[in-house]
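My numbering numbers the first residue of the sequence shown as 1 and each following residue consecutively.
Hints were generated in silico from the structure; no laboratory data involved. Beta carbons are placed, not taken as given, at the ideal position from N, Cα and C, and that holds for glycine. Keep in mind that the hints are not guaranteed to be accurate.
What the hints assert, rightly or not - Okay, derived cross-link-like pairs now, DMTMM-like style, lysine to aspartate or glutamate, Cα gap no bigger than 25 Å in a straight line:
1) 34 with 86
2) 101 with 45
3) 101 with 3
4) 5 with 55
Stated by the list, open to error - Between beta-carbon pairs, the in silico distance windows are:
5) 88 with 21: 35 to 41 Å
6) 34 with 108: 31 to 37 Å
7) 25 with 59: 23 to 29 Å
8) 55 with 111: 31 to 37 Å
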Amino acid sequence: MRDKKLDHLIQQLETYLECWKQFNRFIGITRTKKFGPEDEQQFLEIKSVIVQELEVILSIIETGTPTREEIHSLISGAPSLRSVGDMSDGALRGLENQWHKIYIGWHSVLGQLKVRQRQLANQSAFSGFFGKKGK
Numbered sequence: 001m002r003d004k005k006l007d008h009l010i011q012q013l014e015t016y017l018e019c020w021k022q023f024n025r026f027i028g029i030t031r032t033k034k035f036g037p038e039d040e041q042q043f044l045e046i047k048s049v050i051v052q053e054l055e056v057i058l059s060i061i062e063t064g065t066p067t068r069e070e071i072h073s074l075i076s077g078a079p080s081l082r083s084v085g086d087m088s089d090g091a092l093r094g095l096e097n098q099w100h101k102i103y104i105g106w107h108s109v110l111g112q113l114k115v116r117q118r119q120l121a122n123q124s125a126f127s128g129f130f131g132k133k134g135k
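Using the sequences plus the hints, can you model the full thing?
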C-alpha cells in the first residue's frame, strides 16, 4: 500500500532539510567575512522559506523536537550575515550547535516517517502474498 500523502511529506521534508543545509552554508561563509549584498538577500530568502515551510509541515504532523520556538530562536538569532559575522567565536559556535541540534531533530522526524512508509509497503506485500485470491 502506498500512502501518497506520506510520500509527499517525506519529499517535502527532504527538500526542507536542503534549506537547512543552505542556512548552515551561509553561517559558514560568515567566518570568511567574504559575502556581499546578494548573499545577504539569499540568506534572507532561505530564512523565509525555512519559517514558512515549518508552518506547512507542522500543520501536517506534530513533532516533539525540534520545536517551533527552537527554530524561531535560531532564525531570529541570525538576522543577517553581517550580524552573524560580527558575533564572537563562542556565540557563533553556539549558533552552529543550535543549528546542528535542530538539523538532527529533523532527520529523526524524517527517519520516523520513512519507517512508517516501509511498514505500509510491507503490509501491502504481506497482504498481497496472503490475501484472498479472486472473488
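*What hints, given by number in increasing order, does this structure fail?*
3, 5, 8
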